[in-house]
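Colleague: Assemble the whole structure, with the sequences as input and the hints as a guide.
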Amino acid sequence: DVKVTQSSRYLVKRTGEKVFLECVQDMDHENMFWYRQDPGLGLRLIYFSYDVKMKEKGDIPEGYSVSREKKERFSLILESASTNQTSMYLCASSFAGRGTNEKLFFGSGTQLSVL
Amino acid sequence: AQTVTQSQPEMSVQEAETVTLSCTYDTSESNYYLFWYKQPPSRQMILVIRQEAYKQQNATENRFSVNFQKAAKSFSLKISDSQLGDTAMYFCAFMNPHDNNDMRFGAGTRLTVKP
Chain A
1 DVKVTQSSRY LVKRTGEKVF LECVQDMDHE NMFWYRQDPG LGLRLIYFSY DVKMKEKGDI
61 PEGYSVSREK KERFSLILES ASTNQTSMYL CASSFAGRGT NEKLFFGSGT QLSVL
Chain B
116 AQTVTQSQPE MSVQEAETVT LSCTYDTSES NYYLFWYKQP PSRQMILVIR QEAYKQQNAT
176 ENRFSVNFQK AAKSFSLKIS DSQLGDTAMY FCAFMNPHDN NDMRFGAGTR LTVKP
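Protein sequences, first through last, are from chains A and B. Counting from 1, one number per residue, gives the positions in the first sequence under the numbering used here. Counting from 116, one number per residue, gives the positions in the second sequence under the numbering used here.
Please keep in mind that the hints were generated in silico from the structure rather than gathered at the bench. Be a bit skeptical, because a hint or two may be false.
Stated by the list, open to error - Calculated pairs, SDA-like style, for lysine to any residue (alpha carbon to alpha carbon, straight line, at most 20 angstroms): (1) Lys103(A) - Arg158(B); (2) Lys229(B) - Lys170(B); (3) Lys3(A) - Asp51(A); (4) Lys170(B) - His213(B); (5) Lys103(A) - Ala174(B); (6) Lys57(A) - Pro212(B); (7) Lys3(A) - Leu41(A); (8) Lys103(A) - Asn173(B); (9) Lys103(A) - Gln117(B).
Claimed, not checked - Listed next, with one range per pair, are the computed distances between beta-carbon atoms: (10) Ile60(A) - Gly200(B): 30 to 36 angstroms; (11) Gly63(A) - Ser143(B): 26 to 32 angstroms; (12) Gln184(B) - Glu69(A): 41 to 47 angstroms; (13) Met54(A) - Ser127(B): 40 to 46 angstroms.
Quick reminder that beta carbons are idealized off the backbone N, C-alpha and C, glycines included.
Modeller: This is the structure we're talking about:
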């Protein structure tokens, strides 16, 4: 089975701290994604990456950056955490290309609280 | 950009009965994929069912089936013989295979199955 692992299930940080959220997948997927989940808003795409060292902005990239140095790992970085970044963060991965049973595989999420 | 709308924030159903969750979307693409994901209290997103837009036949997975109306841009999920384990958040999602498999989600419907 595909496994997408997020390093922390719960995280509490202070305003202004630099925060790293790590995600690792074990299925050699080309695509990796970071979503933010908030009540009433569903999942919103922050950033995605379709290859090592490649990244694309999603719908809400402000205040975030990402790093993909290795194919299996995709990191989300909050340079200076703010209270409005308190949320559930979900990492996902998928194969690239068409006709490859396109779907996303998700991690279990990181609930981040910024105080 | 594609948008996905779920107009029912919450629904409930009695155990063993049938419930339908609605979803509409907006796109100018002719080929795309639609999904229903389930998120139980464990937070793990689970793929329930997947529909390819070029297939007219509605997808079915055991007790779960969809009513895909391409012209109306509607994609509803029917759950038959509801079980307590079906209690979860349900997200409708749209994927554009021409856009790095970028997936967009609705706001979600919280379904409660009552004994």
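Colleague: For each hint, tell me whether it holds in the structure or not.
Modeller: Structure-based check of all given hints:
1. Lys103(A) - Arg158(B): holds (18 angstroms)
2. Lys229(B) - Lys170(B): violated (34 angstroms)
3. Lys3(A) - Asp51(A): OK: Lys3(A) and Asp51(A) at ~18 angstroms, within 20 angstroms.
4. Lys170(B) - His213(B): holds (17 angstroms)
5. Lys103(A) - Ala174(B): This hinted pair holds, its Cα atoms lying about 15 angstroms apart.
6. Lys57(A) - Pro212(B): holds (17 angstroms)
7. Lys3(A) - Leu41(A): Violated. Lys3(A) to Leu41(A) sits at ~26 angstroms, over the 20 angstroms cutoff.
8. Lys103(A) - Asn173(B): Roughly 18 angstroms separates the two Cα atoms, so the pair holds.
9. Lys103(A) - Gln117(B): holds (17 angstroms)
10. Ile60(A) - Gly200(B): 30 to 36 angstroms: holds (33 angstroms)
11. Gly63(A) - Ser143(B): 26 to 32 angstroms: holds (30 angstroms)
12. Gln184(B) - Glu69(A): 41 to 47 angstroms: With a Cβ separation near 44 angstroms, Gln184(B) and Glu69(A) satisfy 41 to 47 angstroms, so the hint holds.
13. Met54(A) - Ser127(B): 40 to 46 angstroms: Hint holds: Cβ distance 44 angstroms, inside 40 to 46 angstroms.
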